[in-house]
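Asker: Okay, here's what each chain looks like letter by letter:
2 protein chains.
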Amino acid sequence: MRTDSAVFRQLGIIGCGLMGGSFALAMRRAGLVRKVVGYSKSPSTTEQARALGVIDVAAPSALQAVTGSDIVLLSVPVAATEATLKAISHAVDPAVLYMDVGSTKADVVMAARRALGPKIGSFVPAHPIAGKEVSGVHNAEATLYDGAPVILTPLRETDPQMVARATELWTRLGAKVLTLEPEAHDTSFAAVSHLPHLLAFAYFSAVAGQPGGDDFMALAGPGFRDFTRIAGGDPEMWRDVLLANADAVLEQSALFRTHLDALEFALRSRNADALHNLIRSASEGRRNWRQRSTK
Amino acid sequence: MRTDSAVFRQLGIIGCGLMGGSFALAMRRAGLVRKVVGYSKSPSTTEQARALGVIDVAAPSALQAVTGSDIVLLSVPVAATEATLKAISHAVDPAVLYMDVGSTKADVVMAARRALGPKIGSFVPAHPIAGKEVSGVHNAEATLYDGAPVILTPLRETDPQMVARATELWTRLGAKVLTLEPEAHDTSFAAVSHLPHLLAFAYFSAVAGQPGGDDFMALAGPGFRDFTRIAGGDPEMWRDVLLANADAVLEQSALFRTHLDALEFALRSRNADALHNLIRSASEGRRNWRQRSTK
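So the protein sequences, as listed, match chains F and E. The numbering of the first sequence is this note's numbering, which starts it at 9 and goes up by one. The numbering of the second sequence is this note's numbering, which starts it at 9 and goes up by one.
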């Protein structure tokens, strides 16, 4: 029986939430790991992850989750990346694969440079495009990444072998691996993810905060439900993501406002043809859009 | 065998699209109608509806779809309501139930007053909160209204017996019937439906219209998919709905902009606490919102 080089001995999870917990379950289901050690800032979360069988061993510190692991996943809010990597930096081993799951990448790369210095070669920044509007390890699912795109943003210094291992393991979890520069990643996601969240937060607050808002919302249908789904996102996570990518998000928001201006102008001036053209262009574009993968 | 008073002899459909076609299928499936006569402006649509078995008889005019019918459904773009009612006005019978399915109600009521004058008593303005981002009779479904809220906006002059018949039949199709004033209806839907469409059109155009937009959208995930779903709405229908309710929509959009301003200000000034509070308020509100019915 040959040894499968893709199988890891021990996975260390730092941050036992939805993303980290789902990764542990997926790795185990795929037979890619023998043992999972987990750590969360809150001991009750770590204990819950253990009780649910998501991790085998509850580690009392990030450093202890890393000790003995040949693969480590950071699944903490992006703003906590630097402190987390600093806490484990002296144990970082060039033969161990380190990844994160953050929704922004330029700030994660900067944090990793500051925390790891020359040891950055075995850190492969990763962003799986998966998630749910519920968080917590009790919502973790072994299939969360199945069919999902995963974007890797390796650096000049990243060990190509580590990129290959990361690519292989995500592929074996059913994910579609893509590679981008960190800055290109952040510009893209400002447009297709971070701005929609900002707009959904603003829109939901506007409706809910007005007199009669609750009555209005009692009448809302499937369009409202889908349009506002992302407004239920985790406040801490989204605060950090928006702050980490603020300039690109504000730029996208300014662009959005010019298109809203044009629609409002057509509406205010009762210009049916102009309004029709603007709507038709959006509608045709949306009908032609196809998701890369249907998770 | 007793005669079921809710069963109609003949349904006349004016506008054999998604909404009208689904109503015909639903009525037939529920055993509430014996014969369906349909008319669409385009003869090929009427013929398609007949070929699909959605209607039994293809009428060559709106007037002929109405002749002999004891229930009539108008499912035409709201801007066509007045002309359609005028075309049938001299055949309007106080013993026949007339309804529309328009997404705005104040303009439909005004159109009905102009077209029907004193014969308005048997017209019950209706808005079923159901639909799909595809249109056309080939997408019609017998279950479209099952579980959907249907809002009736009867007038002072509306015959209470007609309101009772409308309520009974929608209830038997599985819908949940609510009653509102036309103006209250339009204010509510400006907030929970029309503005989200305007925002989704603006957002989609902003993303798709920029350099690299296609590449960005190739990376988009389920959040983008759901947030932009309504941007695929029918351009003519949404042009008419937005124009018919322009003032209320513009008022809601102004309110939305004040909330977007606040979020952008917190983001621009890197005020993490303010940003967190704004997001948390939206997120908690959204998590507590429950759809009236889950169609």
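Since the hints were made in silico from the structure, they are not lab data. Just so you know, not all the hints are guaranteed correct.
Taking CB as the label site, the calculated pair distances span [what the hints assert, rightly or not]:
id, chain 1, residue 1, chain 2, residue 2, range
1, F, Ser52, E, Arg180, 50 to 56 Å
2, F, Glu149, E, Asn279, 31 to 37 Å
3, E, Ala280, F, Arg164, 52 to 58 Å
4, F, Gly144, E, Ala280, 34 to 40 Å
5, F, Glu189, E, Ala262, 35 to 41 Å
6, E, Asn285, F, Thr75, 51 to 57 Å
7, F, Asp222, E, Arg288, 16 to 22 Å
Quick partial rundown of chain E residues pointing at chain F, CB under 8 Å, derived from the structure [stated by the list, open to error]:
id, residue
8, Arg37
9, Pro68
10, Leu71
11, Gln72
12, Gly229
Beta carbons are placed, not taken as given, at the ideal position from N, Cα and C, and that holds for glycine.
Asker: Hint by hint, say whether it matches the structure.
Answerer: Structure-based check of each hint:
no., hint, result
1, F:Ser52 / E:Arg180: 50 to 56 Å, "51 Å, holds"
2, F:Glu149 / E:Asn279: 31 to 37 Å, "35 Å, holds"
3, E:Ala280 / F:Arg164: 52 to 58 Å, "31 Å, violated"
4, F:Gly144 / E:Ala280: 34 to 40 Å, "22 Å, violated"
5, F:Glu189 / E:Ala262: 35 to 41 Å, "39 Å, holds"
6, E:Asn285 / F:Thr75: 51 to 57 Å, "39 Å, violated"
7, F:Asp222 / E:Arg288: 16 to 22 Å, "18 Å, holds"
8, Arg37, "21 Å, violated"
9, Pro68, "29 Å, violated"
10, Leu71, "27 Å, violated"
11, Gln72, "30 Å, violated"
12, Gly229, "4 Å, holds"
When the structure is compared with the earlier hints, violations turn up for hints 3, 4, 6, 8, 9, 10, 11 and for no others.
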